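Participant: Given the coordinates of chain A, work out where chain B should sit on it, guided by the hints.
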Amino acid sequence: MDKVIAFPMMGNYHVPVKYLFSKISNCKILEIPKITSKTIELGSKYSPDFLCTPFKYTLGTYIECLDKKANILIQMGGGCRYGYYFELQEKILKDLGYNFKYYNLVSKGHTDIKKIYKIMKEINPKLNIIKSLYYFFITVKMVKFIDYIENYLRENKAYEINNEFDKTFSNMLKSFSKTKGLISFIKIKNKYKKRIKNIKIYKPKNNIKIGIIGELFTLMEPYANNNIEDMLIKYGVEIKRFTNVTYLLFEKSKKSKKNLKKLNNIKYKMGADAMDNIYNTKYLIDNNYDGIIHIKSSFCTPEIGSMGIINKMCEENNMPVLFISMDSNTSDVGFETRIEAFYDMIEMRKRNE
Amino acid sequence: MNKCYLGVDIGSISTKGVIIDENYNILSSNYIWTSGNPIEAVKKLMNTLTILPGYKLCGIGTTGSARKLIGLMLGANVVKNEIIAHAVGTLSFYPNVRTILEIGGQDSKIIMINNGIITDYAMNTLCAAGTGSFLSSQAKRIGVDINDFGSLALKSKNPVKIAARCTVFAESDLIHKAQLGYKKEDIVAGLCKSIVLNYLNNVGKGKKILEPIVFQGGVSKNKGVEKYFNEILNTKVIIDENSHLMGAIGIAILSSKENHDELNLNINEIKFETKGFECKGCSNNCEVVRIFKDEKLIDSFGNKCEKGLKTF
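Protein chains in written order, with the working numbering: chain A, 36 to 388; chain B, -1 to 310.
Certain hints may be false.
What the hints assert, rightly or not - Distance ranges between label pairs, derived from CB positions:
id: 1; chain 1: B; residue 1: K155; chain 2: A; residue 2: E351; range: 38 to 44 Å
id: 2; chain 1: B; residue 1: N21; chain 2: A; residue 2: K209; range: 58 to 64 Å
id: 3; chain 1: B; residue 1: S33; chain 2: A; residue 2: D265; range: 46 to 52 Å
id: 4; chain 1: A; residue 1: K213; chain 2: B; residue 2: N35; range: 51 to 57 Å
id: 5; chain 1: B; residue 1: K221; chain 2: A; residue 2: L131; range: 54 to 60 Å
id: 6; chain 1: B; residue 1: N262; chain 2: A; residue 2: S205; range: 42 to 48 Å
id: 7; chain 1: A; residue 1: K104; chain 2: B; residue 2: I207; range: 42 to 48 Å
id: 8; chain 1: B; residue 1: N283; chain 2: A; residue 2: E371; range: 43 to 49 Å
Please keep in mind that the hints were generated in silico from the structure rather than gathered at the bench.
Remember, predicted model here, so these are calculated numbers, not experimental data.
From the three backbone atoms N, C-alpha and C, an ideal C-beta is built for every residue, glycine too.
Okay, chain A solo, but in the shape it has when bound:
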């Protein structure tokens, strides 16, 4: 039987992840279906109701993939109770009668390269350590570059003169999926960096800047947050988002300790990204942003803990803040009203300054 690998969908990260597995495993990599209303319907149907939406989204994706004949599932979860999702999802899927192998690349909340290598060796016994390190290196570079460009887009896309960003960015992702080795990667990277930076923009001096913070999956998967970024960009807003894979995997462990010391209102890390979001709130206040949107999935315990503190900080500093809780509901009318009103309020405040 052919080995077919599948992994959950989140933002644009399926491109580098797929690239890595296609190079270091001897398996077929499934074309992961995009998250749609069917995904969340399937996920909610087989999930305990009180679990947060990332569980439901990933479970839904796994079911869709298993129906497409995937038999090796990869999960990367840790930090909060997401770390326990692995076992529960495995049990639910086995109970549904699927036959598969399930691996979690994260152990005890940390990414351990040794463990990842061990798992990959199990999937592909012929795996060569030099080769895997080489492709792992390129993948990391690719993730970092995609995050870098996405940050640039968030800051500038609202002000483009011709509609070029979206097309160039999706072309870039397409080229990345065809990358051969390091030289080919660097060529593509430089080409698109130049192209994207050359896109003409007109950014007014007193533009509206909004920071979005919150729970990681809901922030990073556009379907889970009703495309909040596109919505804000349509209003002409510059967006600052801290959470991305680069931050979570490579920067968080170093920065967290330093940032915690700079905060005088909390002493502990509070789990997952709660402390980071409190620090980011301080950053956004100190850097004169116009508003903060805090977005999370319902029942996200670490973020519930951070909300009270964020609310107080914003109140003391006269900073508008909007808290949004996402669940598996698909209608976006009420959501739109809240975002539109938040934007209108900021715009009114700014005009009267």
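Facilitator: Chain B alone, transformed into the frame defined by chain A:
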């Protein structure tokens, strides 16, 4: 010719329309039930609003949950959300207002204002606890006309305690108390009090409620709810005689800020129709809403991607 402006606020329960002149005086207004059909409700509303001789209509604004649809239908020059509309409307009557409490059919909101600028707002989250539709459904259940609800609540000297967190708990409390034989007025008063507590706990959570406070939206017409707001906030909330029209007035004012020549408003002879259509482009199965004016497609929305527009 004097200029006048039309504002329409189409909520889930009621549809409000108002025509104002350049000094924001109300020339004509009406309040009717939406009854689940905003297009018919607006047609009915427009037949009762009159543009006085000597006036010409120079702006149309729509707000409320059906603002997009009705905006298209009326050819509105301003389509805006309820929060801005309510704030602008209230500020034109009470320029010093600091807090607006609003409880409508499906939404409830709190708006904080400082020096005529909105500084903060909050809306109820996904749950409809403590809104007008809950009150009216409970009124029906215990057999009290919603118009007598407030005056009945005022008669009570001993309101029953009802859980204020969630409508499901409130309802089971309510049934339980009724089965214990409490007087109807005590139950009704308890319900009014629970609406106030629920509102302050959920929507007003963590907000500083500063005076002057204006209370509006359909529920503000309920004397019982007013009484408990006064009692719990330990002050007197202002309720305007037009408190139910504030959204419509606000959106009419916003439409007047855009300079327009005379607009044509003739919707009676025109046929409007909404057709839902399920796009099969991907497994999202978006419900694309298409609006037809005299059988010609004028707009569509609801699609998540470009595919939805191509398929028809």
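Participant: Does each hint fit the structure? Answer for all of them.
Facilitator: Tested hints:
A hinted range of 38 to 44 Å for the beta carbons of K155(B) and E351(A) is consistent with their spacing of about 43 Å. A hinted range of 58 to 64 Å holds for the C-beta pair N21(B) and K209(A), which are about 60 Å apart. Between S33(B) and D265(A) the CB atoms are about 35 Å apart, so this pair departs from the stated range of 46 to 52 Å. At roughly 54 Å, the beta-carbon separation of K213(A) and N35(B) lies within the given 51 to 57 Å, and the hint holds.
Take K221(B) and L131(A): their Cβ atoms lie about 56 Å apart, and the range 54 to 60 Å holds. At roughly 43 Å, the beta-carbon separation of N262(B) and S205(A) lies within the given 42 to 48 Å, and the hint holds. Between K104(A) and I207(B) the beta carbons are some 59 Å apart, a value that contradicts the proposed interval 42 to 48 Å. At roughly 20 Å, the beta-carbon separation of N283(B) and E371(A) lies outside the given 43 to 49 Å, and the hint is violated.
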